[in-house]
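Colleague: Taking my numbering, the leading residue of the sequence shown gets 1, the next gets one more, and so forth.
Since no wrong hints were added, every one of them can be taken at face value.
Distance condition first, Cα-Cα at most 27 angstroms in a straight line; then the derived DSS-like pairs of lysine-lysine:
hint : residue 1 : residue 2
1    : 99        : 205
2    : 157       : 59
3    : 157       : 146
4    : 42        : 6
5    : 168       : 59
6    : 59        : 99
Worth flagging that the hints you see were computed from the coordinates, not collected in a lab.
Model, not experiment: these values are computed from the prediction.
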Amino acid sequence: MQGDDKAMETLLELERNPRPWRKGLYVDSSSYAQIGGWTFDKEGQRIQLNFDTCYPMVKGTTGEKSPIRIGRAREDTCPHCGGHMVDILVLDGRDERLKFLGLDGILTATCCPNCVGFLKGPAFNRFTLDGGVEVFPSELFDGAEKTKCYVRPEDYKALTENPFVLGKTPVPLFYGAACQDVNTIGGFANWVQDAEYTTCPHCGKPMKYLAQIQWDTVFDCAEGTLYVEFCPDCHIVSMQHQQT
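Work the whole structure out from these sequences, hints included.
Modeller: Next up, the structure:
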């Protein structure tokens, strides 16, 4: 968590010259750096995985304007379950509060709310700063072509009509890391399982953590958390779901 030069020097040395006890570990010791929101490449260059600013997404009032939206309805359907795709997060980086993201335009994260938890890996899409989206093909975890849609019409309605807006002031970096009932932009996530930073499918670099959406805050009878990450260079978004 301290993540200073000594921490990186030590983990880099253990990566390059593994000790005998490495065979007893599930992952390289360098993976623990990700808990602190950073990592490094093979050349020893530090890579920051988290932003140093955090904003909450809070319940607003009817008609309140906001640079973020959770759950915008779409007309296209999922190839796996036939349910509606959803722009699960739409974010306008030009808002003064979101300048820390370095986005001079709109980021849109699109997925099937039914299948995102059943995929083999994260859901991906490419976004354009004018609001465009290209959804990447996905594969179900069990290799099946089709699955049942468990999201009911009333669930889609709740998801796409939820009242969340961007909070007016920032909160501490770990505000969302110890709670299962808050939605946040930036800062640190409350990983239900392990910290899981996605590799960009285009450039191969680790993606940056962007947001978390607690599933049961946006529609009933849902479990777990959706984590949104993105590659600033390639304008690719990943969405992955964890639950107990």
